[in-house]
Amino acid sequence: MRKMPSVETEVLIIGGGVLGAATARELSKYKVDVTVVEKNTDVGWGITKANVGVVCQGRDTLEFRPEYHRSQLLWKSIPVMGPLCKELDVPFKNIGCHIMIRNLKQKEKLDKGAARTESLGLGTDKYCSYPELKEMEPYVSEEIVGSLYDHAIAIVHPVVYTQALMENATANGINLMLETEVTDIQAGHPMFTVQTDQGEIKARYIINAAGEWVDKIAAMVGADDFVLFPIKGYVGVLDRKCGDMASSLLALFPEEPGDMNIIVPTVEGNLLFGIQLQINRRHDRSTTEHMAAKALENARKIIPDISPKDVIKSFCGYLMFRNFEIGWHECEVAMSERAERFINMTIGYPGVSASPGAAMEVVDILKNDGLKLEPNPKFKPRRKGIPDFSELSDKQRQELIKKDPRYGHVVCRCETVTEGEIVEAIKRGATTLDGVKFRVRPGTGRCQGGFCGPRVTRILARELGIPETEITKKGGDSEHLEYKTKQILEEGEKDG
Amino acid sequence: MARQVDVAVIGAGPAGLAAAIAAKEYGAEKVLIIERAEQLGGLLPQCIHNGFGLLYFDEDMTGPEYEKTFIDKAADLGIEAQLETMVIDLDSKKEITAVSSKHGYMKFKPGAVVLAMGCREKARGALGIPGYRPAGILTAGTCQRYVNIEGYIPGDRYVILGSGDIGMIMARRLTLEGAKVQAVVEIMPWAGGLIRNEVQCLYDFGIPLLLEHTVTFIHGEEKIDGVTVSKVDADRHPIEGTERFYPCDCLLLSAGLIPENELSIKAGVELDGVTGGPVVDQNRQTSVPGLFAGGNVVQVHDLVDWVSWESELAGRAAARYADKGRLKAANMVKVVPGNNIKYVAPQFISGKEDVTLHMRVTEPGLKATVKVGDVMRKRYRTVRPSEMVIIEVKADKLKEAGLGEELVVDCDIKGSG
Chain H
1 MRKMPSVETE VLIIGGGVLG AATARELSKY KVDVTVVEKN TDVGWGITKA
51 NVGVVCQGRD TLEFRPEYHR SQLLWKSIPV MGPLCKELDV PFKNIGCHIM
101 IRNLKQKEKL DKGAARTESL GLGTDKYCSY PELKEMEPYV SEEIVGSLYD
151 HAIAIVHPVV YTQALMENAT ANGINLMLET EVTDIQAGHP MFTVQTDQGE
201 IKARYIINAA GEWVDKIAAM VGADDFVLFP IKGYVGVLDR KCGDMASSLL
251 ALFPEEPGDM NIIVPTVEGN LLFGIQLQIN RRHDRSTTEH MAAKALENAR
301 KIIPDISPKD VIKSFCGYLM FRNFEIGWHE CEVAMSERAE RFINMTIGYP
351 GVSASPGAAM EVVDILKNDG LKLEPNPKFK PRRKGIPDFS ELSDKQRQEL
401 IKKDPRYGHV VCRCETVTEG EIVEAIKRGA TTLDGVKFRV RPGTGRCQGG
451 FCGPRVTRIL ARELGIPETE ITKKGGDSEH LEYKTKQILE EGEKDG
Chain L
1 MARQVDVAVI GAGPAGLAAA IAAKEYGAEK VLIIERAEQL GGLLPQCIHN
51 GFGLLYFDED MTGPEYEKTF IDKAADLGIE AQLETMVIDL DSKKEITAVS
101 SKHGYMKFKP GAVVLAMGCR EKARGALGIP GYRPAGILTA GTCQRYVNIE
151 GYIPGDRYVI LGSGDIGMIM ARRLTLEGAK VQAVVEIMPW AGGLIRNEVQ
201 CLYDFGIPLL LEHTVTFIHG EEKIDGVTVS KVDADRHPIE GTERFYPCDC
251 LLLSAGLIPE NELSIKAGVE LDGVTGGPVV DQNRQTSVPG LFAGGNVVQV
301 HDLVDWVSWE SELAGRAAAR YADKGRLKAA NMVKVVPGNN IKYVAPQFIS
351 GKEDVTLHMR VTEPGLKATV KVGDVMRKRY RTVRPSEMVI IEVKADKLKE
401 AGLGEELVVD CDIKGSG
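Protein sequence lines, in the order shown, are assigned to chains H and L.
Per the numbering used here, the very first residue in the first sequence carries number 1; after that it's consecutive.
Per the numbering used here, the very first residue in the second sequence carries number 1; after that it's consecutive.
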């Protein structure tokens with residue numbers, strides 16, 4: 001196992017998910033020594049990965065009451081998010097959202113919500129009759145009566161956004177340590193001593209952005225004065241050919257509180273459909289036949305033309321809510337009252353949308369605690385994304401191939417991903433099949449890597465200078481080629 | 001500037017090669033094959049087992065041997081092939097957009113096009129298997145490529161879901177490599193592939209074929225460590241209480257092939273909902289004039305010999321079309337699948353020429369009679385969905401029967417089995 005020499009840092013961020021990355025990037029604007037530890041092989045692979053990427057606008061006034069801390073974080077983030085994505089060259093797309101009702105009884109509640117939004121000065125949402133809705137979204141079911149349209153809702157790829165934040169943070173001097181899991185923390189003055197499976201880290205401040213395990217990390221210093229309440233979600237992915245069945249986020253008005261039935265376009269042009277499940281057992285990301293059937297049934301309540309044949313993949317993830325005294329969820333982005341210099345970060349919903357505001361808040365907390373944060377004169381806010389061959393014009397494609405012929409070699413047919421993009425993803429830190437996949441998408445299409453899998457494996461091995469048998473799907477023990485041919489037979493002979 | 005060619009063939013597998021050769025031999029001067037992979041032959045280079053060419057050459061050949069005869073012939077005829085070139089667009093005016101590292105961004109304006117993209121395997125998502133998403137799940141064909149081309153073996157303990165031909169062939173191949181194949185699990189009451197593979201690849205090696213079973217859960221977070229297999233009822237739903245855990249480090253999927261028609265869709269070609277391939281006439285012309293199709297892109301064949309045969313029809317017709325700018329119009333008769341027939345290809349025939357009909361039955365049975373309208377009938381001792389039924393119908397019989405607008409094909413069975 002890799003062991004490192006002892007590390008000392010001013011600020012240690014535990015967790016390379018969306019909150020850790022946003023905070024790292026925000027802190028990279030200042031002259032301060034920051035280290036991020038992430039237990040996975042790559043960033044954004046915890047609960048961030050299963051986020052559907054909706055950038056919400058806080059107009060749902062039941063979810064976002066003004067007195068809620070998360071509402072404040074979200075409102076702080078809304079004006080920042082679009083420009084931030086632009087700086088980081090991350091696709092950010094305004095799609096709008098229809099909250100759809102199936103009977104007129106629901107309309108009363110919908111109207112009430114809309115009035116509340118307006119009275120709070122959050123703007124006016126438009127009610128669409130069924131014909132108006134149908135004009136905008138021709139595939140919606142005839143059983144829908146009407147919808148409330150919020151034009152401001154946007155989407156972003158949560159993992160790509162997280163990667164971009166972290167890439168920019170490291171370019172600005174943040175130290176990122178992957179495959180480093182925190183096992184214990186001792187409080188001390190003036191430094192914490194943090195034990196990891198790679199060695200010891202001394203840190204003056206700790207920012208606990210450990211996502212799914214934020215309570216476990218907090219407990220190491222007795223700062224776990226909150227209970228996490230995980231809510232599992234199921235997401236199905238539809239083939240690209242269904243991409244035009246919805247252009248905005250389509251959500252069914254919840255029949256009961258906590259119901260969530262949505263169809264969401266992705267920035268890549270697929271549709272996702274998802275439901276929330278009444279399952280709160282943590283860390284079980286498995287799917288079941290029952291949830292798949294339920295999710296499909298619900299998706300077809302929105303768009304009846306969706307066929308089971310068009311589902312190309314499915315997965316589960318969690319939202320981690322803080323279950324506070326009044327019984328429902330509120331977030332925690334604060335200095336712990338029980339441990340000095342220890343900041344907990346857990347938002348639950350909407351983690352991705354509120355991440356810029358949460359990061360800014362952490363900077364304020366650090367400043368208020370007396371940490372000197374002088375501007376980093378070398379800070380460069382811009383990051384250039386990996387060129388997306390499939391989205392370029394003919395002329396841009398020609399120029400790109402001329403510059404680097406590897407952009408003329410299409411490796412993934414379904415998503416039109418070139419060797420040039422794959423090599424660039426590896427240069428930026430992808431070391432695994434999933435690492436490449438989450439950066440430039442080979443294997444996310446309808447054949448799910450059937451054609452490109454062996455080719456991406458070969459490119460990874462070549463670029464990293466390691467044998468193909470050491471290439472993994474997602475780090476750890478996830479090797480996908482265990483032996484060379486004849487090796488099993490030869491080993492069998494040796495063993496007698 | 002778009003480059004002019006007479007016939008462009010998309011795909012250099014057995015279908016594309018046969019189509020290109022036929023087009024050239026039927027007078028097309030400039031024939032161009034465009035292939036995404038590094039070499040000619042499609043999937044045949046990785047099919048190192050025998051059983052190819054029994055019909056076409058009357059000889060038992062391996063995949064690479066079968067393919068070499070076509071590759072050599074194409075070379076002798078001076079057919080141009082562009083490798084590592086991906087067609088990224090095809091429109092209804094037959095204009096092709098392709099890219100490669102070597103030639104960059106290209107446009108072609110062919111007189112006629114043959115679609116020969118073959119088929120792909122159903123992936124896990126399409127099968128909807130519940131459970132975790134670990135490493136160690138791959139399609140049988142991808143595994144075949146790793147083992148026979150790349151020189152790697154994914155694991156040493158397997159479960160194979162689906163009894164398609166590639167899955168059964170890989171069961172044998174992996175056993176010969178010293179790996180343990182614990183079971184081939186098939187949801188249907190019959191095997192998905194050919195009887196000869198069931199016998200030669202499973203039975204001869206003592207590999208159990210679990211009919212009416214399916215994988216109901218995938219275990220393992222990083223690497224697969226096993227699957228739950230359950231028996232299914234008549235509606236193919238898992239029966240509670242029949243679950244059995246099989247430890248494994250690899251799950252292979254061989255549960256169906258899907259014609260690869262993304263380009264056909266872009267060009268506006270009408271597809272058959274059952275075959276997943278284009279609706280074609282007996283010349284293998286699609287609904288878009290000048291676009292022809294042959295091989296597994298039209299219908300998933302059992303034998304490569306028929307892929308070559310069908311693609312030659314497409315190639316010849318494409319050459320004629322490229323020469324004249326159209327094909328002689330004929331009143332077309334629609335071939336309709338009737339009782340116990342899943343599909344028939346081609347979907348349209350002229351009714352005036354000899355024609356060979358390819359079809360699959362829906363249910364297996366004994367003592368079957370296939371009736372091609374009132375034109376002819378043919379008896380079979382057994383029929384089963386995995387074995388294609390192929391009937392040649394002579395022109396004089398068609399003329400004699402005097403066809404209307406439709407020709408219904410039925411299959412009556414006397415016994416089940």
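Hints were generated in silico from the structure; no laboratory data involved.
It is possible that some hints are incorrect.
Just a few of them, taken from the derived set where beta-carbon distance is under 7 Å, the chain L residues facing chain H [unchecked claim]:
no.: 1; residue: Ala81
no.: 2; residue: Glu84
no.: 3; residue: Leu127
no.: 4; residue: Gly128
no.: 5; residue: Gly131
no.: 6; residue: Tyr132
no.: 7; residue: Gly151
Distance condition first, Cα-Cα at most 35 Å in a straight line; then the derived DSBU-like pairs of lysine-lysine [stated by the list, open to error]:
no.: 8; chain 1: L; residue 1: Lys342; chain 2: L; residue 2: Lys94
no.: 9; chain 1: L; residue 1: Lys30; chain 2: L; residue 2: Lys93
no.: 10; chain 1: H; residue 1: Lys134; chain 2: H; residue 2: Lys384
no.: 11; chain 1: L; residue 1: Lys342; chain 2: H; residue 2: Lys494
no.: 12; chain 1: L; residue 1: Lys342; chain 2: H; residue 2: Lys484
no.: 13; chain 1: H; residue 1: Lys216; chain 2: H; residue 2: Lys31
no.: 14; chain 1: H; residue 1: Lys402; chain 2: H; residue 2: Lys372
no.: 15; chain 1: H; residue 1: Lys484; chain 2: H; residue 2: Lys427
no.: 16; chain 1: H; residue 1: Lys384; chain 2: H; residue 2: Lys395
no.: 17; chain 1: H; residue 1: Lys402; chain 2: L; residue 2: Lys94
no.: 18; chain 1: L; residue 1: Lys397; chain 2: H; residue 2: Lys402
no.: 19; chain 1: L; residue 1: Lys30; chain 2: L; residue 2: Lys334
no.: 20; chain 1: L; residue 1: Lys223; chain 2: H; residue 2: Lys309
no.: 21; chain 1: L; residue 1: Lys352; chain 2: H; residue 2: Lys241
no.: 22; chain 1: H; residue 1: Lys309; chain 2: L; residue 2: Lys266
no.: 23; chain 1: L; residue 1: Lys180; chain 2: H; residue 2: Lys241
no.: 24; chain 1: H; residue 1: Lys395; chain 2: L; residue 2: Lys93
no.: 25; chain 1: L; residue 1: Lys266; chain 2: H; residue 2: Lys134
no.: 26; chain 1: H; residue 1: Lys31; chain 2: H; residue 2: Lys395
no.: 27; chain 1: L; residue 1: Lys109; chain 2: L; residue 2: Lys352
no.: 28; chain 1: H; residue 1: Lys402; chain 2: H; residue 2: Lys86
no.: 29; chain 1: H; residue 1: Lys76; chain 2: H; residue 2: Lys380
no.: 30; chain 1: H; residue 1: Lys372; chain 2: H; residue 2: Lys403
no.: 31; chain 1: L; residue 1: Lys68; chain 2: H; residue 2: Lys31
no.: 32; chain 1: L; residue 1: Lys102; chain 2: H; residue 2: Lys301
no.: 33; chain 1: H; residue 1: Lys202; chain 2: H; residue 2: Lys380
no.: 34; chain 1: H; residue 1: Lys403; chain 2: H; residue 2: Lys378
no.: 35; chain 1: L; residue 1: Lys93; chain 2: L; residue 2: Lys107
no.: 36; chain 1: H; residue 1: Lys484; chain 2: L; residue 2: Lys180
no.: 37; chain 1: H; residue 1: Lys202; chain 2: L; residue 2: Lys223
no.: 38; chain 1: L; residue 1: Lys109; chain 2: H; residue 2: Lys395
no.: 39; chain 1: L; residue 1: Lys371; chain 2: H; residue 2: Lys309
no.: 40; chain 1: L; residue 1: Lys231; chain 2: H; residue 2: Lys134
Backbone N, C-alpha and C define an ideal beta-carbon position, used for all residues, glycine too.
To see whether the hints hold, each was checked on the structure:
no. : hint                   : in the structure
1   : Ala81                  : violated, 16 Å
2   : Glu84                  : holds, 6 Å
3   : Leu127                 : violated, 10 Å
4   : Gly128                 : holds, 6 Å
5   : Gly131                 : holds, 5 Å
6   : Tyr132                 : holds, 5 Å
7   : Gly151                 : holds, 5 Å
8   : L:Lys342 with L:Lys94  : holds, 31 Å
9   : L:Lys30 with L:Lys93   : holds, 19 Å
10  : H:Lys134 with H:Lys384 : violated, 38 Å
11  : L:Lys342 with H:Lys494 : violated, 52 Å
12  : L:Lys342 with H:Lys484 : violated, 42 Å
13  : H:Lys216 with H:Lys31  : holds, 30 Å
14  : H:Lys402 with H:Lys372 : violated, 49 Å
15  : H:Lys484 with H:Lys427 : holds, 27 Å
16  : H:Lys384 with H:Lys395 : holds, 20 Å
17  : H:Lys402 with L:Lys94  : holds, 26 Å
18  : L:Lys397 with H:Lys402 : violated, 60 Å
19  : L:Lys30 with L:Lys334  : holds, 33 Å
20  : L:Lys223 with H:Lys309 : holds, 27 Å
21  : L:Lys352 with H:Lys241 : violated, 38 Å
22  : H:Lys309 with L:Lys266 : holds, 19 Å
23  : L:Lys180 with H:Lys241 : violated, 39 Å
24  : H:Lys395 with L:Lys93  : holds, 21 Å
25  : L:Lys266 with H:Lys134 : holds, 25 Å
26  : H:Lys31 with H:Lys395  : violated, 42 Å
27  : L:Lys109 with L:Lys352 : holds, 32 Å
28  : H:Lys402 with H:Lys86  : holds, 27 Å
29  : H:Lys76 with H:Lys380  : holds, 22 Å
30  : H:Lys372 with H:Lys403 : violated, 45 Å
31  : L:Lys68 with H:Lys31   : violated, 66 Å
32  : L:Lys102 with H:Lys301 : violated, 49 Å
33  : H:Lys202 with H:Lys380 : holds, 28 Å
34  : H:Lys403 with H:Lys378 : holds, 30 Å
35  : L:Lys93 with L:Lys107  : holds, 12 Å
36  : H:Lys484 with L:Lys180 : holds, 16 Å
37  : H:Lys202 with L:Lys223 : holds, 34 Å
38  : L:Lys109 with H:Lys395 : holds, 19 Å
39  : L:Lys371 with H:Lys309 : holds, 32 Å
40  : L:Lys231 with H:Lys134 : violated, 44 Å
Going down the numbered hints, you'll see the structure goes against 1, 3, 10, 11, 12, 14, 18, 21, 23, 26, 30, 31, 32 and 40, while the others check out.
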